[in-house]
Amino acid sequence: MTFFLQMLVTGIVVGSVYALVALGFVLIYKSSDAINFAQGEFLLIGTYVCLTLITAYNIPFIAALFIALMFSAVLGFVIERIVLRPFIGEPVISMIMATIGLSSVLAGIVHIIWGHETRVFPKIFSEQPVNLGEIVIAPVYLWSLLIVVAMLIIFTLFFKYSKLGIAMRATADDQQAAMSMGISVKMIFAVAWAIAAIVSAVGGILLGNINGVNASLSAIGLKVLPVAILGGLDSIPGAIIGGLIIGILESLTGGYLDPLVGGGLKEVMPFVILVFILMFKPYGLFGKKEIERV
Amino acid sequence: MRNPFVMDCGEFHVNYKQDMAIWKISRVRMRVFILLAIFAVFPMFASDYIIGLATLCGIAAIGAIGLNILTGFTGQISIGVGAFLGVGGYTSAILTAKLGLSFWIAMPTAGIVTAIVGGLFGLPSLRLKGLYLAIATLAAQVIILFVISRWDALTGGTAGMVLSRPELGSFVFYSERSYYYLMFAVLIITALFTLNLFRSRVGRAFIAVRDRDVAAEVMGIDLFKYKVLAFIVSSFFVGIAGALLGHYTMVVSPELYSITVSIEYLAIILVGGLGSVFGSIYGAVFITLLPVVLRSGVEMMSGVFPDLSAVLIGMKEVVFGLVIILFLIYEPQGLAKIWKNIKDYFKLWPFSY
Numbered sequence: 001m002t003f004f005l006q007m008l009v010t011g012i013v014v015g016s017v018y019a020l021v022a023l024g025f026v027l028i029y030k031s032s033d034a035i036n037f038a039q040g041e042f043l044l045i046g047t048y049v050c051l052t053l054i055t056a057y058n059i060p061f062i063a064a065l066f067i068a069l070m071f072s073a074v075l076g077f078v079i080e081r082i083v084l085r086p087f088i089g090e091p092v093i094s095m096i097m098a099t100i101g102l103s104s105v106l107a108g109i110v111h112i113i114w115g116h117e118t119r120v121f122p123k124i125f126s127e128q129p130v131n132l133g134e135i136v137i138a139p140v141y142l143w144s145l146l147i148v149v150a151m152l153i154i155f156t157l158f159f160k161y162s163k164l165g166i167a168m169r170a171t172a173d174d175q176q177a178a179m180s181m182g183i184s185v186k187m188i189f190a191v192a193w194a195i196a197a198i199v200s201a202v203g204g205i206l207l208g209n210i211n212g213v214n215a216s217l218s219a220i221g222l223k224v225l226p227v228a229i230l231g232g233l234d235s236i237p238g239a240i241i242g243g244l245i246i247g248i249l250e251s252l253t254g255g256y257l258d259p260l261v262g263g264g265l266k267e268v269m270p271f272v273i274l275v276f277i278l279m280f281k282p283y284g285l286f287g288k289k290e291i292e293r294v
Numbered sequence: 295m296r297n298p299f300v301m302d303c304g305e306f307h308v309n310y311k312q313d314m315a316i317w318k319i320s321r322v323r324m325r326v327f328i329l330l331a332i333f334a335v336f337p338m339f340a341s342d343y344i345i346g347l348a349t350l351c352g353i354a355a356i357g358a359i360g361l362n363i364l365t366g367f368t369g370q371i372s373i374g375v376g377a378f379l380g381v382g383g384y385t386s387a388i389l390t391a392k393l394g395l396s397f398w399i400a401m402p403t404a405g406i407v408t409a410i411v412g413g414l415f416g417l418p419s420l421r422l423k424g425l426y427l428a429i430a431t432l433a434a435q436v437i438i439l440f441v442i443s444r445w446d447a448l449t450g451g452t453a454g455m456v457l458s459r460p461e462l463g464s465f466v467f468y469s470e471r472s473y474y475y476l477m478f479a480v481l482i483i484t485a486l487f488t489l490n491l492f493r494s495r496v497g498r499a500f501i502a503v504r505d506r507d508v509a510a511e512v513m514g515i516d517l518f519k520y521k522v523l524a525f526i527v528s529s530f531f532v533g534i535a536g537a538l539l540g541h542y543t544m545v546v547s548p549e550l551y552s553i554t555v556s557i558e559y560l561a562i563i564l565v566g567g568l569g570s571v572f573g574s575i576y577g578a579v580f581i582t583l584l585p586v587v588l589r590s591g592v593e594m595m596s597g598v599f600p601d602l603s604a605v606l607i608g609m610k611e612v613v614f615g616l617v618i619i620l621f622l623i624y625e626p627q628g629l630a631k632i633w634k635n636i637k638d639y640f641k642l643w644p645f646s647y
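Chains F and X, in that order, are what the protein sequence lines are. Residue numbers for the first sequence follow the numbering used here, beginning at 1 and rising by one. Residue numbers for the second sequence follow the numbering used here, beginning at 295 and rising by one.
These are computed hints drawn from the structure, not numbers from a lab. Errors might be hidden in some of the hints.
In silico lysine-lysine, DSS-like type, Cα no more than 25 Å apart, as pairs [said to hold, decoys possible]:
{"no.": "1", "chain 1": "X", "residue 1": "K423", "chain 2": "F", "residue 2": "K288"}
{"no.": "2", "chain 1": "F", "residue 1": "K266", "chain 2": "F", "residue 2": "K281"}
{"no.": "3", "chain 1": "F", "residue 1": "K223", "chain 2": "X", "residue 2": "K641"}
{"no.": "4", "chain 1": "F", "residue 1": "K281", "chain 2": "X", "residue 2": "K423"}
{"no.": "5", "chain 1": "F", "residue 1": "K289", "chain 2": "F", "residue 2": "K160"}
{"no.": "6", "chain 1": "X", "residue 1": "K519", "chain 2": "X", "residue 2": "K423"}
{"no.": "7", "chain 1": "X", "residue 1": "K641", "chain 2": "F", "residue 2": "K289"}
{"no.": "8", "chain 1": "X", "residue 1": "K318", "chain 2": "X", "residue 2": "K519"}
{"no.": "9", "chain 1": "F", "residue 1": "K223", "chain 2": "F", "residue 2": "K281"}
{"no.": "10", "chain 1": "X", "residue 1": "K641", "chain 2": "X", "residue 2": "K318"}
{"no.": "11", "chain 1": "X", "residue 1": "K631", "chain 2": "F", "residue 2": "K289"}
{"no.": "12", "chain 1": "F", "residue 1": "K281", "chain 2": "X", "residue 2": "K519"}
{"no.": "13", "chain 1": "F", "residue 1": "K223", "chain 2": "F", "residue 2": "K266"}
{"no.": "14", "chain 1": "F", "residue 1": "K223", "chain 2": "F", "residue 2": "K288"}
{"no.": "15", "chain 1": "X", "residue 1": "K318", "chain 2": "X", "residue 2": "K634"}
This one's a predicted model, so the numbers in the text were calculated from it and none came from an experiment.
In isolation and in its complexed conformation, chain F is listed as follows:
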């Protein structure tokens, strides 16, 4: 039972980070109908920038975090402007390939600047494990959960009450109607990319604190795709619930099934679940069904 709870808690923490990164996918999809295959690289760049600021320039963590987030936002902004703008209204495959190309460019730049070795964040959170009943939790996990929950609440409020958030929802709903109400749709796309870059950077920094940073961290980008699809590509609550489901299932698979088959099943599980979900609910759990007419 303790083992189960332990796995459950790990799953919830990892799942909440997934949810955060999935939020980036959902934001971009909602506003501009594109999937960002470069999300993993956004995450990697944000993490590396933060790490470099801390280790090379001795900037305190909180300041470094904020600079890294600002940097990510600008990066998202600029990339939307140069790379994605020409593809508004183009077929899906152009969008997919453009972001795949982008991910390749960014990955190359990361390799050139930071190389391949795994780097470790200096300890930011205390290492004294916290005991909850019989479960032992590292503080880094608790902090991660706390930060993710805070971010999710902030974004929910942002979409519900802020002017920009409402404009973003309006754009997602109907681009032409939003435009005729005086909303700059191009601006909204840029903001969506900037926010996506920020949330991925936060996700990356948290995961980096848990596992260390190297180039393979960007694989998270692909891993979170099932999360976004499971919840429905255009649903923010879907991203959160999808993240938790995948995180918990992954952790439980890792704990119970991996010893039986000799490892690796954990990585595949999200995709197996995804295929089954798509068979029965093609638009995910909370996705909007598209109706087509000739």
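Starting from the structure of chain F, add chain X where the hints point.
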């Protein structure tokens, strides 16, 4: 002086059959045969290294034509080609190395097995479209690779398997030159089949599905049947390419079929030209040779900047991504369209209107 490119004029088709002919006028046919002859003769004069590169380009072209049937002609994006290549390679490896069957049975069987697997993963395609289908094929990629790397008894796990070169009677296709001819024959058959496929009822249905699938269904095209059929036909050729590649490199192992390979194949058809058989070939040559050219470029410069080789991997990724993005922005119809533009320019020269 008379412009030699103007020979293409005089297309006065009076019936449907002429309009659908694969070579519009006899001079075009002659030109194609001359080109084929050049490609058939060139290995006599080239070095083994060049022939090897040409073979790799040709194998990539076979797979790319397969993918183009699915993505370029039928409009269903697949990010799982890498794994399907793997299915082809492993089927052929298991049949020849474990069961001792001949390559000539194993290669078509590899195609058929891949077609069945592809068809299975194509089943959700009726309800999924665009992005969702792309992600479903991505799932196929991950799941198939997992099965390959875990089913130790059958596939040898992560260590992979060793294959032998095919034999015909007592002749073994061991030299680069002989394998080139084998690839060349398969490539010609693949290209001819695909060119003809899109002059047939089935091919037309594929194109209708791509252009507007709901409208196609209203016109009486059985969407489910044709979408799955596209997956099957496409995977068949990808499987053949996988088998050829496996017997060429003489080794199969899971990391040869990663998602990077899938993305490379997507880049091939995109750079070459979606929905174009010749485009697939141009793209295959372009993307296969890109790293080779880059590497020799870096080696030339390494005398000046000694640390440059460390940067090579990163540079390769940057250039690869830039090529994709620039093609998408400036010539979305790929090299096939660029080639056509050049031809058109000369046809009209010196009156460019």
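Q | In rising order, the numbers of the hints this structure does not comply with | A | Result: hints 3, 7, 8 and 11 break, sorted rising.
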